[in-house]
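K.L.:
My request is simple: use the sequences and hints to build the entire structure.
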Amino acid sequence: MAVGAFADRGADLELVGIEKRFPGFTAIENLNLTIPAGSFFALLGPSGCGKTTTLRLVAGLEEPTSGRILIGGTDVTNQKSFQRPVNTVFQSYALFPHMTVLENVAFGLRRRKIGDPVAKAHEALLLVELDHLAQRKPQQLSGGQQQRVALARAIVNRPALLLLDEPLGALDLKLRRQMQLELKTIQEEVGLTFLHVTHDQEEAMTMADTIAVMNKGRIEQMGEPQQLYELPRTAFVANFLGQSNLFTGPVVSTTSTAIAVDVSGQKIVVPLERAHRVAGEVTIGVRPEKLTLHAEEPSHDAGRNVMGPGKVIDVSFSGVSTQYLVAVPGVGTMVVFAQNMAFGPAAHVGAEVWLSWNIDHGFGLDDDPTAEPRFEADLDTKTIAQQRRSSLVTELEEA
Amino acid sequence: MAFAAFSTTTAPSTDPVARRRSPVALFLLLPGILYLVLFFLTPLVSLLLTSFQAPREFGDIGQYDYAFRWQNYVEVVTTYWPHIVRSFSYALAATFFALLISYPLAYFIGVKARKWPLLQSLMLVLVIAPFFISFLLRTLAWKQLFSDESFVVQSLKALSLLGPEAHVTGTAFSVIFGLTYNFIPFMTLPLYTTLERLDVRYLEAGNDLYASPFQVFRKVTIPLSMPGIVAGTLLTFIPAAGDYINASRDFLGGTGTQMMGNVIEANFLVLQNYPSAAALSIILMTVILVIVSIYVKRSGTEELL
Chain A
1 MAVGAFADRG ADLELVGIEK RFPGFTAIEN LNLTIPAGSF FALLGPSGCG
51 KTTTLRLVAG LEEPTSGRIL IGGTDVTNQK SFQRPVNTVF QSYALFPHMT
101 VLENVAFGLR RRKIGDPVAK AHEALLLVEL DHLAQRKPQQ LSGGQQQRVA
151 LARAIVNRPA LLLLDEPLGA LDLKLRRQMQ LELKTIQEEV GLTFLHVTHD
201 QEEAMTMADT IAVMNKGRIE QMGEPQQLYE LPRTAFVANF LGQSNLFTGP
251 VVSTTSTAIA VDVSGQKIVV PLERAHRVAG EVTIGVRPEK LTLHAEEPSH
301 DAGRNVMGPG KVIDVSFSGV STQYLVAVPG VGTMVVFAQN MAFGPAAHVG
351 AEVWLSWNID HGFGLDDDPT AEPRFEADLD TKTIAQQRRS SLVTELEEA
Chain B
1 MAFAAFSTTT APSTDPVARR RSPVALFLLL PGILYLVLFF LTPLVSLLLT
51 SFQAPREFGD IGQYDYAFRW QNYVEVVTTY WPHIVRSFSY ALAATFFALL
101 ISYPLAYFIG VKARKWPLLQ SLMLVLVIAP FFISFLLRTL AWKQLFSDES
151 FVVQSLKALS LLGPEAHVTG TAFSVIFGLT YNFIPFMTLP LYTTLERLDV
201 RYLEAGNDLY ASPFQVFRKV TIPLSMPGIV AGTLLTFIPA AGDYINASRD
251 FLGGTGTQMM GNVIEANFLV LQNYPSAAAL SIILMTVILV IVSIYVKRSG
301 TEELL
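Protein sequences, first through last, are from chains A and B. Sequential numbering of the first sequence, starting at 1, is according to my numbering. Sequential numbering of the second sequence, starting at 1, is according to my numbering.
Read the hints as simulated data drawn from the structure, not as lab findings. Heads up, some of the hints might be wrong.
Pair ranges (Cβ atoms, derived) [to be verified]:
id : chain 1 : residue 1 : chain 2 : residue 2 : range
1  : B       : Asp199    : A       : Leu126    : 27 to 37 Å
2  : A       : Ser316    : B       : Asp199    : 37 to 47 Å
3  : B       : Arg114    : A       : Thr26     : 18 to 28 Å
4  : B       : Phe39     : A       : Leu126    : 55 to 65 Å
Part of the chain A face toward chain B, derived, beta carbon under 10 Å [stated by the list, open to error]:
id : residue
5  : Arg56
6  : Ala59
7  : Ala94
Glycine included, C-beta positions come from ideal geometry on N, C-alpha and C.
P.N.:
So this is what it looks like as structure tokens:
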């Protein structure tokens, strides 16, 4: 790292054939990744999927077992952490407790002998609106303020690449939303390359230009948030990024534009360009909010898939929408999100309903869901709320 | 004073509940207060009074009367100033060497050996193990090892690293060596307890912010382990300054290495000059108190604890 000078803009990051083995397990296997300069890139995955290890490899806090790391075209694999043009916002913030906020922010500047570190530190603190607390010690600040100091301490160095290790994990939901917006704004203002590691799929989708979903040390799918959501490639992505209704069955007929899959005797059509596999046993899916509930069997429409009849087994109201669980014999339980356009639920528990969705909304996966147990994101507030609710209901019933 | 460095509640409490004097609390404190009055305050007052005593007119050796003979202090300082200077220099040197040896040791046990708890416990036991043998015996053992006929000294002489007439015992080296050796556990243990709690994520953050390993050590590790350094140096410096075993002629010292402890011992037990001994004790105590309070204040470790 050049002493006394800032990186003038973000640099791209390239990981080539990275492998990281710890005694007893492989954290990352054969990872290839290119992050273009100036982008906001999110690595999304459950705990233990290797995303934090990836970040630590880039920061130089771990050494890869094999493979190369290039930042802005320069091979940094053999550089020590303090030599790399990279800064990290740590999950724990790791603000030095024996220094003031100002000294924390000026630390990197002083080490690189950049002129006027104090003024630059004040500037960075102004950016995160904490300049008035410059003389405090970190432990005198709230969690959200500490998080912002950690951010200021990293971006004040204008690193070519900024690494964010779940920096918003410790914040409450409201503050998290606010910080997400601030982070995004800062990233656009300073034009740095951000590599953000998170297990929060909503956070990744709202902030990142590109998301890579990681699972068990490999990247399952990479792309723009919308593309990943609407057209997941694997069952893991389909369930980790939002929820999905997945069915498996043999392909019974193929036309030039679509395939038809037999799911327990019901024919489901998926557009050909949205299916990753077009023959044999395939897994197809549809997002819960794309489904429509019908109290009577809908008339046949070539543009829609119909499934049913099924029985409503649970209705949970969440303000904006209502979630219905519909048991369809032979298919399993389907999840339906319906917008609350009218007062009161559209169907009650025990009601017989049909489900339909636009053929274009279905997707065909590259793998089978059976290989992967349905994943529930840890810390997904919605899941927790539902679990609380169901446990409360059973408790009340028992009483 | 010194103990402010070890406590977390140095700031005066403004909590009205805490300020209210509860009779129960006083009652519970009573045994402690009584103990301190009986075994600390009384001897201290007695010592202070003794230090101003004047020799009895036409009395025997060792007979003194209560007086206010402040000249005692002037006399002991003019007579024994080399011992006073030597005491604090030796203690300082021993503290320095003990810190130099203990810090890497404590760092290894507390930080590097975290992955192997068994090794950690084993090394801690080894640090404490010398305590199982009497302090006097261990010092005597060193006297044997450093004696003129010993293998060590003979070898050094054979290699011409020592002159034919040179000795090891009775030199400043052997006294400082003995002090360092004897107080290393007192230095290592407080250092270990602070370093054991050292969060290595701060070190990673330092590395990430362009600090070389040496800079991280100087700017992050040392300041964060300051409470341990202060506690360890105090636990070494204070007893080392008053030590009289190592510097004694019966152990590692000689006539030229006598420290304050030896002089106090001689005045009390041999010369029966109680006022001088008491005055020296008071001086030793005061100087230590002053040095320690300046040190604790300067190191500013209160908020780290």
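K.L.:
So, for every hint listed, does it hold in this structure?
P.N.:
Hint-by-hint comparison with the structure:
1. Asp199/B <-> Leu126/A: 27 to 37 Å: About 29 Å separates the Cβ atoms of aspartate 199/B and leucine 126/A, which means 27 to 37 Å holds.
2. Ser316/A <-> Asp199/B: 37 to 47 Å: holds, 42 Å
3. Arg114/B <-> Thr26/A: 18 to 28 Å: holds, 24 Å
4. Phe39/B <-> Leu126/A: 55 to 65 Å: holds, 60 Å
5. Arg56: With Cβ-Cβ at 9 Å, under 10 Å, it holds.
6. Ala59: holds, 6 Å
7. Ala94: holds, 4 Å
Hint compliance for this structure: no hint is broken.
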